[in-house]
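K.L.:
Same order as they appear, the protein sequences are chains V and C. Sequential numbering of the first sequence, starting at 147, is according to this note's numbering. Sequential numbering of the second sequence, starting at 397, is according to this note's numbering.
A few of these clues could be false.
Just so you have them, the derived chain V footprint on chain C, three or more residues with Cβ under 8 Å [unchecked claim]:
no. : region
1   : 723-735
2   : 775-782
3   : 842-848
4   : 1010-1023
If you are wondering where the hints come from, they were derived from the structure by calculation, not from laboratory data. All residues carry an ideal CB built from backbone N, CA and C; glycine is no exception.
Here is what each chain is made of, one letter per residue.
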Amino acid sequence: MKRFFLKQNSLPVLGLLLSALVFLSACEQNKYEPNTSVAPGGGTITTFKSYTLTSASGATVYGRVVFYKYSAAVTLAEIGLYNTTSGTAYTASIYEGKAATATKVLKPLDAISGATGEFSGNKFFTINEAGFYDKLSSYNASVKVMTGTKVVASGDIGGNAAPVAQAQ
Amino acid sequence: MKGKLRKQGILLGTVGLIIWVNLFPLNALAQTKRITGKVTAGTNAELIQGVNVLVKGDSRKGAITDSQGMFSLEATPGDVLVFSFIGFKSKEIKVGNETTFTVTLDEDATQLTELIVTGTRNTGRTILETPVPVDVISIKDIMGELPQMDLAQMLAVVAPSFNAVRSQGGDLNSHVDPVQLRNMAPNQILVLVNGKRRHTSALLITETAVGSPSTTVDLMTIPVSAIDRVEILRDGAAAQYGSDAVAGVVNIILKKGTNKLTANLTGGGYANTGGQAGALTKAGKPDGFNYQFDANYGFKMGDRGYFNLSGQITQRRPTLRPFVNDWGFFDKTYLNNLRTDKYGNPVITNPELIGAQAAGNTAQIAALTTEAGLMSARGLTKADFAVYAGMPAITLGSTFYNAGYEINPTTTIYSFGGASYKYLEGFSCYFRRPAQTDRFNYLLYPNGFRPQMTSNTSDMSNTVGLKSKIGNFNVDFSNTFGKNTMRIGMVNTLNASLGSNSPVNMNIGTHQFTQNSTNLDFSRYLKEIMNGLNIAFGAEMRVENYKIMKGQEESYTYGDAGVLTVTQPGLLVGPDGKPLENGSSTPIVDASGNPLSVYAGQQVTVKNLSANCQCFAGFGPKNERNEFRTTMAAYLDAELELTRNFLVAGAFRLENYSDFGGVTIGKLAARYSLSKTLSIRGSVASGFRAPSLQELNYTHTATAFVPDANGIPQPLDVTTYPNNSTAARVLGIKNLKQEQSRTYGFGLTYQPVQGFEVTLDAYQIDVDNRIFQTSYFNASEVGNNYHEVIGDGEAQFFVNGADVRSKGVEAVGNYTLSLPKGKSLTFTLAAILSKNTVLNRKPLNLNVANLTEDQVVEKYLSRSVIGQFETGTPRTKLIGSATYRFNKFNAMLRGTYFGTVTERSTSADNDGNYYDQTFSGQAIFDLSFGYDLNRNVKVSVGGSNILDKYPQVLRPENQGFYLYSNNQQGSNGAYYYGRLSFNF
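Please model the entire structure based on the sequences and the hints provided.
P.N.:
This is the structure:
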């Protein structure tokens, strides 16, 4: 080594080591990170209020209507019914006031499939109304399920009934 | 030892000396004195045996150096001693007043006959003198001209019958490159460093080119700059070296040179053009950039020793060869927000759809409920869901040393070893599509994920030994220690059963293999017996330890993200009052279609979420192992030159294993010189390979993918059970036995003129009880309440599955044409024709109730495994090269031809036609140019596979993890490199 460093070889060797250092420090390994490109708002919804829909006189259909808080502006409504008849079309709406007396439709909901007892198109009916869910507990309303003009199930919601299930 | 020798030259010289001494016995004068000394090689300080030492002008006085390089003769102060030896430049030294000399001879590069030490315990023979084929690859001379950067890949392109198929992914298969000889398994080859057994990697590679799982020595842990040459013995040598040397022996000889610094700075990358796959892949920018810096320097320790030190830093970026498929990325539950958690709460997977619904945009709603529409909204293409295969990313640092010190003229202490660290990140798993509901978590990976396996491998080795003489015997006592520790991890993964609390990077366990060999070897050369007899005998004690250590708990547990603990009695319903839905969004109901009645405290598996880390379950407590094995061995080895032209050699070895008993093996070999230029040679040997501790004890649960009716791979959890497990015993799987082999070799060597050598060798290797891995057995197939043993998964095992045969012919030719004015032209050609055959499958008599006998046979040794062994590697391989040198310039052109391969499938169409595929032969070319800028710096550029030849694409039914066949040149395509070599 003594001979090696004392001679003029030391300069190129130094250059060699420096170039090796620069050469190698430039290499970072590739990382293949997962693609997470999605619109905001996905994931599990855990805030909801669920209300009972009871059978109308002479009918056997019953179930629940659920309101999920999706965001401050959007509430998702879902209906789950039992004893609906396959092939029969059902409609549902939110009415003003208690079910027993309500006549004014506030919000028509989507059609319900008789085969599944759920909305026939989208799983959820989207209520695009700021603060709807937050004001639900004082909402003076009810939900009716009908075949044609005949009510087969109904129930109070909001301020008119206590939720059968809820989560904050 | 780097030496050059022509045996007949020594013999003639010896005879000449004897004649002169006997003719003129009275010529000694009164003033003569006894001169002693030793002769070493200038490049590596190695002692040279057989050097002619003559008094100039008086050829009656002279001597020949012994095996320690020592000589002794009578001379006067006025005499001049002439030292000459084939392969070295002669040197003259005046005696003067000195009585002891240390003489260094410089190599003469024009003489090319190598002296080898592998396969013989004599001092050494040339490659044309050995009774069995040995190739000598002078790594230090060729490494500057090769595009390849690591030893295994270098040997694969220059050494006949040597293969190192680099896996392009799949679990841990790409984490260590297996090396093979003669188309046999990586565990049927023995690797030595300076003649001492090298430990294998801890990893059991589950898929190799010849269809059986195998351990292998990780040659990447040895820096190439540390290597002087590699000797490859293409013949069974278990009788000489012990277990594993069934196909042959690779002996890595380390450098010993001093006072010389050599270094290389290499960079390169792949063109990545995508080959002929078209839309099935995504061609990209050049990738797989490699950077490597290596250096070697030898320190002289006084006049008696050397310490040669090497180091290497490597960074390899991955090559990416995606398979762009159309397997369905989003299912309707994902697109329509139908999914729920275990409580029935909605899981919004398509927030874009909610946005469109809130806006009342019917056109957008319609589009977003289709896969194409949602991918478009998110800016995704099919390539984002592609399966990635390719070479792994590697960061490697390694260092090696080789040292020796002469304590006295007959005793030398030596030591060598090294340490290395390798980080590797490989393409290991299929892409986890969002449609696969049992291994999905929106919060962690909304668009799915691609798990990758990592390994941090530390490797240490050390040999310390003493060479001396006891009486007339040369003695070599040494201890060799090696340890390989591989900590295995995963990135971009999850344990789906833990839900969003799952870690995304995990330590899934550590494998460790440790080996310690203690050797005591004696040898003696008896020149008075016929034309010379070399006797060697010795003993070895080897202790091995294999450990599997568990990883972090999340990597092997089953969490409760899908399991509901009922708090109140009633019906199993969600917020909407409807039955909870399972992982497929199907309602969980009783036989009448009503919600289940449940009681408080009841645990209900609502979502069948996959346990363990994806895609490779962590090693848990049930997988932990700490197994030892002790091996004792003794051998006797003899080489006798019956005449100058006739050499016979024999070896006999006893070994006893603590875990499965003893073996006795032997070998006979002979060479006969028909003329000065033509010799024939042959060998017969028995051999064996003990099952590795890894084969005996490895256990793991992995996720296999089996194509469904639509050809889409579906996950299936399979466990490899050790043969001493309950699962094996209930099924009737026996404990593993050793593989026993019989090797036959016959060949000829021909050297018509200096510089032109041809060897032709034929071989046949029969292996009984070859170890393979079975296919998967499930509980319903086995019956007999096997479900109680293995549950819902499937089980596979290692078995002594078949008797196999490998045979072939190897032709190797070298021709060096010396041209005027410093020009030379060297041609090499190696042709290997080989054939592997499964002779018969071993009957296993398994306790299987619900399969036919034929089905059982197919289970324990499937046609795809047999196919991989028989036709999965090229039967024909041709390597031809031409190297031209002209002063400061050199050029090298090499062509490699891989013959056809056929992959056999276990899947078939409705008519019973298997999805087999034969891949046409492939020819690739390497080209490099080198130029000496000055005496210290050389620049070289070139490439491998310069014509960018990709293998054929797999037929659609077989496209899965791979898009291309991996059994020929691989699917990396063209590689180009540049290198600066320094020499001070």
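K.L.:
Hint by hint, say whether it matches the structure.
P.N.:
To see whether the hints hold, each was checked on the structure:
| no. | hint | in the structure |
| --- | --- | --- |
| 1 | 723-735 | holds (count 3) |
| 2 | 775-782 | holds (count 3) |
| 3 | 842-848 | holds (count 6) |
| 4 | 1010-1023 | violated (count 0) |
Hint 4 from the earlier list is the only one contradicted by this structure; the remaining hints agree with it.
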